[in-house]
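One line per chain: the protein sequences are A and B, in this order.
Be aware that the first sequence starts at 127, since it is given in the working numbering, and climbs by one per residue.
Be aware that the second sequence starts at 7, since it is given in the working numbering, and climbs by one per residue.
Just so you know, the hints here were simulated from the structure itself, not pulled from any lab data.
Bear in mind the structure is a predicted one, so any value in this text is a computation, not a measurement.
Where is the CB? At the ideal position from N, CA and C, for every residue including glycine.
Careful, some of the hints might be misleading.
Below 30 Å or equal to it, Euclidean Cα-Cα: the simulated DSSO-like pairs (lysine-lysine) are [what the hints assert, rightly or not]: (1) A:K193 x B:K226; (2) A:K218 x B:K15; (3) A:K159 x B:K116.
Which chain A residues face chain B? A few, computed with CB under 8 Å, are given here [unchecked claim]: (4) L129; (5) N134; (6) P136; (7) Y138; (8) C150; (9) R151; (10) T152; (11) P161; (12) S162; (13) V168.
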Amino acid sequence: MGLTFDNNRPIYLQLMEYLYGQICRTDLKPGEKLPSVRELAVKVGVNPNTVSRTYMEMERKDIVVSKRGQGTFVTEDKTVIQELRQKIADDKIGDFILMMNQIGLKNEEILQLMEQKMASRKEEKE
Amino acid sequence: MNKPEIYLKNVTKKYLRQPAVENISFQLKGNGVYGVLGENGSGKTTLLKLIAGLLRPSSGTVKVMHRPVSRLSSKDIAYLSDADSLYSFQSAHQLIHFWEKVAPDFSKDKAFSMVRELNLDVNMKIKNLSKGNRARLKLVIALSRQVPVLVMDEPLSGLDPLVREDILKLIVMNADVEQQLLVLSTHEVSEVEAFLDHVIFMKDGKCILEENAEVLREQKGQSLVATMREVLA
């Protein structure tokens, strides 16, 4: 799996974003089991403690549930996942608009540009 | 297995009158991967040997698992030497059986399963193995011991990038980092970056920074390599 980390930011955050992506796209379905800590650590090439921390953070935010002796599972509560998707989208679009405003584009111009881009480009997966 | 702990207080080691390690104090508590980083000659190997009980400090105290280190501490510590530490006339098969007798905590099954996974020929004499395979075999021996503290001196040095990656994977897969404390020294900082929980920067025999890796990234917003450049400059 091609997962390269930006070493300037905490790795557990990047791993969390990666997993959130999978959950929001339902590559990991509600109620599905996440890979074991060690499995994921070997797969993406990080320390197992980093993966544990990622799972712990995600559990704190109720995105995943850990069941004693069984592993960690994606929450079955679809509204939580919907909220997560909404929140990530809000944050990213907020950043984007701010960025565009900073280079002097007005809101209508941004919309126009977006429509042009969208028309010429197919949907992409991460 | 007890909770691993390493404690150093005002530790100095001199070779004749030349100090190799000077006035180092820190405490490593609990499980995780600790990286000792620094240039050649900064005292990394001396520090690891002091922790493993292979050197006596000229002054100061070194404690592992709440007891001052001595040669007897080897029952709590597995040490991977930088130098060639295997008997060249043995085969991997003989080597594993030898270790089973020497170290009571040695798991023969674990060793054989790792060897099988690595596709090493157990009947070949060690002197006929390639350098990469000798390094792998050395690591298999260290990882097969069920001890609270693992000390690895330059497990990656002198190996090509693909073998280095392989060796890191072997460590992640087989070291029990939820139980064991692993200290490793290296100068391939960028390669071990994602594997470290905690870093110890050494310069001229002194410990100049000791911090959690994620905390460093969060606070400084830069990679360990950049931090290393900053603090060691």
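How the hints compare with the structure:
no.	hint	in the structure
1	A:K193 x B:K226	violated, 35 Å
2	A:K218 x B:K15	violated, 49 Å
3	A:K159 x B:K116	holds, 27 Å
4	L129	violated, 10 Å
5	N134	holds, 5 Å
6	P136	holds, 5 Å
7	Y138	holds, 6 Å
8	C150	violated, 24 Å
9	R151	violated, 24 Å
10	T152	violated, 27 Å
11	P161	violated, 13 Å
12	S162	violated, 12 Å
13	V168	holds, 5 Å
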